[in-house]
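I would like the entire structure built from these sequences, with the hints used as guidance.
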Amino acid sequence: MNLIDANIGEEYIIKDIVTDDEELNSFLFSLGCYSGEPITVISHRKGGCVVSIKDARYNIDNELAKAISI
0 MNLIDANIGE
10 EYIIKDIVTD
20 DEELNSFLFS
30 LGCYSGEPIT
40 VISHRKGGCV
50 VSIKDARYNI
60 DNELAKAISI
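Sequence positions in the sequence shown follow numbering that gives the first Met the number 0 and run 0 to 69.
Bear in mind the hints are in silico, worked out from the structure with no lab data behind them.
The beta-carbon is built from N, C-alpha and C at its ideal position, and this holds for glycine as well.
Heads up, some of the hints might be wrong.
Simulated pairs of lysine-lysine, BS3-like, Cα-Cα distance not exceeding 25 angstroms [claimed, not checked]: (1) Lys-45 / Lys-65; (2) Lys-53 / Lys-14; (3) Lys-53 / Lys-65; (4) Lys-14 / Lys-65.
The calculated label-pair distances, taken between Cβ atoms and stated as ranges, are [stated by the list, open to error]: (5) Asp-54 / Asp-19: 27 to 35 angstroms; (6) Ser-25 / Asn-58: 12 to 20 angstroms; (7) Ile-3 / Ser-34: 15 to 23 angstroms; (8) Asp-4 / Asn-58: 12 to 20 angstroms; (9) Asn-61 / Lys-14: 13 to 21 angstroms; (10) Asn-58 / Glu-9: 15 to 23 angstroms; (11) Pro-37 / Asn-58: 14 to 22 angstroms; (12) Glu-36 / Ile-7: 17 to 25 angstroms; (13) Asp-60 / Tyr-33: 12 to 20 angstroms; (14) Lys-14 / Glu-62: 14 to 22 angstroms; (15) Lys-65 / Ser-29: 24 to 32 angstroms; (16) Gly-46 / Thr-18: 17 to 25 angstroms.
In structure tokens form, the structure reads like this:
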């Protein structure tokens with residue numbers, strides 16, 4: 000399951016980042032988005048979703064949301 004399928008307001012634990020793109024992986028890591036961290040989807044948008052990671056909110060696109068396995 001990835002963030003596209005997540006329920007709004009429910010906290011999930013990130014299982015894995017599924018991507019071969021090292022730049023994307025590094026970017027997500029810099030946001031605090033890595034295996035074992037809690038993540039909550041605040042809302043789903045047309046081009047992605049808004050998530051909460053470590054008391055910060057980020058708007059991520061569908062490509063990033065699909066790469067985050069929960």
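Hints, verified against the model:
Distance check on the hinted pair: Lys-45 and Lys-65 sit about 14 angstroms apart at the alpha-carbon level, within 25 angstroms; holds. In summary, the hint linking Lys-53 to Lys-14 is supported, as the alpha carbons are separated by about 16 angstroms, within the 25 angstroms threshold. For the hint linking Lys-53 to Lys-65, the alpha-carbon distance of about 20 angstroms falls within 25 angstroms, and the restraint holds. Distance hint between Lys-14 and Lys-65 is fulfilled; the C-alpha atoms sit about 13 angstroms from each other, no more than 25 angstroms.
Hint check: Asp-54 to Asp-19, Cβ distance near 30 angstroms, so the stated range 27 to 35 angstroms holds. Distance hint for Ser-25 and Asn-58: a CB-CB separation of about 19 angstroms, consistent with the stated range 12 to 20 angstroms. At about 18 angstroms, the beta-carbon gap between Ile-3 and Ser-34 stays in the expected band of 15 to 23 angstroms. The hint said 12 to 20 angstroms for the Cβ distance between Asp-4 and Asn-58, and at roughly 18 angstroms that hint holds.
Between Asn-61 and Lys-14 the CB atoms are about 19 angstroms apart, so this pair conforms to the stated range of 13 to 21 angstroms. With their beta carbons about 18 angstroms apart, Asn-58 and Glu-9 fall inside the hinted range of 15 to 23 angstroms. Pro-37 and Asn-58 have their C-beta atoms about 18 angstroms apart, which keeps the hinted 14 to 22 angstroms range intact. Taking 17 to 25 angstroms as the suggested C-beta distance range, the pair Glu-36 and Ile-7 conforms, at roughly 19 angstroms.
A hinted range of 12 to 20 angstroms holds for the C-beta pair Asp-60 and Tyr-33, which are about 19 angstroms apart. The hinted range of 14 to 22 angstroms is satisfied by Lys-14 and Glu-62, whose Cβ atoms lie roughly 18 angstroms apart. For Lys-65 and Ser-29, the Cβ-Cβ distance of about 19 angstroms falls outside the hinted range of 24 to 32 angstroms, so the restraint is violated. The hint said 17 to 25 angstroms for the Cβ distance between Gly-46 and Thr-18, and at roughly 18 angstroms that hint holds.
Going through the hint list in order, the structure does not satisfy hint 15, though it satisfies all others.
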